[in-house]
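Listed below are the residues making up each chain.
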Amino acid sequence: MINFRLGSLLLSLGLIGFFSLFIGAVNLSVSEVVYTLLASSEHDFIINQYRLPRLVLAIGVGAGLGLSGALVQGIIRNPLASPDLMGISAGAGLAATSLLVFQPDAPLYMLPLCALLGGLLAAGMIMGLAYFTDPTPARLALIGIAISAFLTSGIDFLMIVNPIEINTAMVWLTGSLWGRNWDQVPFIWWTLALLLPLSFWLAWRLDIMGLGEETATSLGISPNKMQFGALLCAVILASVSVSVCGTISFVGLLAPHLARMLFGHNHRLLLPAAAGLGALLVLISDMLARGLQPPIELPAGVLTSLIGAPYFIFLLQRYKGWS
Amino acid sequence: MITTKQLSVAYGDKTIIENLSVSIPKGKVTALIGPNGCGKSTLLKALSRINRIKAGDILLESESITSIKDKQLAQRLSLLPQTVVSPEGITVRKLVEYGRAPYVSHWGRLSTEDKLIVEQAMLETGVAELGDEKIESLSGGQRQRAWIAMILAQDTEVVMLDEPTTYLDLSHQIELMKMMRSMNEQGKTVIVVLHDLNQACRYCDHLIVLNQGQVVSQGAPQQVFTEQLLEEVFNLDAVVINDPVADTPMCIAR
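Going down the list, the protein sequences come from chains A and B. Here the first sequence stands for residues 22 to 344, where the numbers follow my numbering. Here the second sequence stands for residues 842 to 1095, where the numbers follow my numbering.
Bear in mind the hints are in silico, worked out from the structure with no lab data behind them. Ideal Cβ placement from N, Cα and C applies to all residues, glycine included. The reader is advised that the hints may include incorrect statements.
Here are the simulated lysine-lysine pairs, DSSO-like style, with alpha carbons at most 30 Å apart [as the list claims (entries may be wrong)]:
no.	chain 1	residue 1	chain 2	residue 2
1	B	846	B	1029
2	B	910	B	855
3	A	246	B	855
4	A	246	B	912
5	B	846	B	912
6	B	869	A	246
7	B	1019	A	246
8	B	846	A	246
9	B	1029	B	867
Derived coverage of chain B by chain A (criterion: at least 3 residues anywhere in the stretch with Cβ under 8 Å from a Cβ of chain A; other residues may be distant) [unchecked claim]:
no.	stretch
10	887-901
11	919-929
12	946-960
Model the full assembly from the supplied sequences, consistent with the hints where possible.
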């Protein structure tokens, strides 16, 4: 049953991924697309340089955000937590926009590194505040949203005082895959290739953390080491994702919740499922973003917010007994 | 077996245990008793490295527990905390399998031997037929037995139980005490925090009486458990008589 579900998830990623190659301002037939993929044709730019990298990026970024969210929720045992609601994405975004504004000539690989620095600082900030105030889950989400709003206003400020073209602003204000190409692909996929094995190593340890810190300790699992490892992993994944396509909101919250509904609580299934569902969410959002009103490009982040924000409100309602 | 040397343990600024030196005999059931806040749970948590040691040392055999690796320590020493968290949706078997955590490979795969030990632990605690039930669907007594099965699967020489009877009715309390005895008969050293003094006298070989983070008295129940001790440590005016069934001391408040 579970294998069937994982299989269907992969299959739908493949099918929707292939379908996404047809979406955009120029209409292409099946034979044109297949021919261009296998050989080359006059549509080479549209398919191989434009739609295909976006597809590969959408999957990578979505998987990164979904996995990051599942790790954060797993380690702080808080269903309201996610990299964007905790300010990690906003921190990474602010650092990345600062680099773009103040050092526009910096080499491309500086962007993910800079984003990571910002993500780490924001994570340090919220964990520091959590350490001193020991908040309830709902309150931690509030602190995160406050930090997030504060950092996002920094991005807004930078974008307004340094007028740039509207499409670039769209990437950094709401998250979009517009204008991304093969250049960004290695960043996110290398990160995934390195951190996926690590998160499998963490997976069953996260399950044991679910028995409470005291039991975990007596079973030989050090909660501090696990929390540090999982959080670091989550921050790296979220920050690199943000450096590629800005803050695509709520994917890190939605994907793990969907994964838990479909695949249960076992992290060995939950983590890959959250990655797959995150990929699917971003892929569909990006497809709609460029397909709803071509040639006008909507930001993918707006579409994920359309589903994510109401769901977040629903979650807050459901857990109102917590505060 | 376990010896503490000038041990001090604190929560933040508040020192709970100061300069405590005590040894816990091997192969016996030792009860830590004392009034609320005397440091008995704190001591147990320090032994299992949940509470940090502020000063002094804890020796297991002759090794300092701070020098033993997490995994190795978990193969020698297990703990059932006072309040346990049962995550949503996990089955009894899954819970018992977690007891093998200190033995499994990096990726958490159980070997055939691990699986045999898990089944054996479930048989011994009478939860074998509940293997596929969800933890949350069990009664309080069954749940506690499932947790004991997890501790058994951990297969350690020392087992620590922190007020294991707190949420159980009397018949399940007795059942648990008997399970504790049978663990001891299999050669395990058991350390248990108990509130019920009569149960401690009846089911334990050795009592360590703590008050304000200090050992007040220790030894076999027959030697330690006196009216004078109850008066001084628990502020309780009671008579101590012989338990007509087990011939161990028991107290009745006046």
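Comparing the hints with the structure gives:
| no. | hint | in the structure |
| --- | --- | --- |
| 1 | 846/B x 1029/B | holds, 23 Å |
| 2 | 910/B x 855/B | holds, 28 Å |
| 3 | 246/A x 855/B | holds, 25 Å |
| 4 | 246/A x 912/B | holds, 13 Å |
| 5 | 846/B x 912/B | holds, 23 Å |
| 6 | 869/B x 246/A | violated, 34 Å |
| 7 | 1019/B x 246/A | violated, 37 Å |
| 8 | 846/B x 246/A | holds, 28 Å |
| 9 | 1029/B x 867/B | holds, 8 Å |
| 10 | 887-901 | holds (count 3) |
| 11 | 919-929 | holds (count 9) |
| 12 | 946-960 | holds (count 3) |
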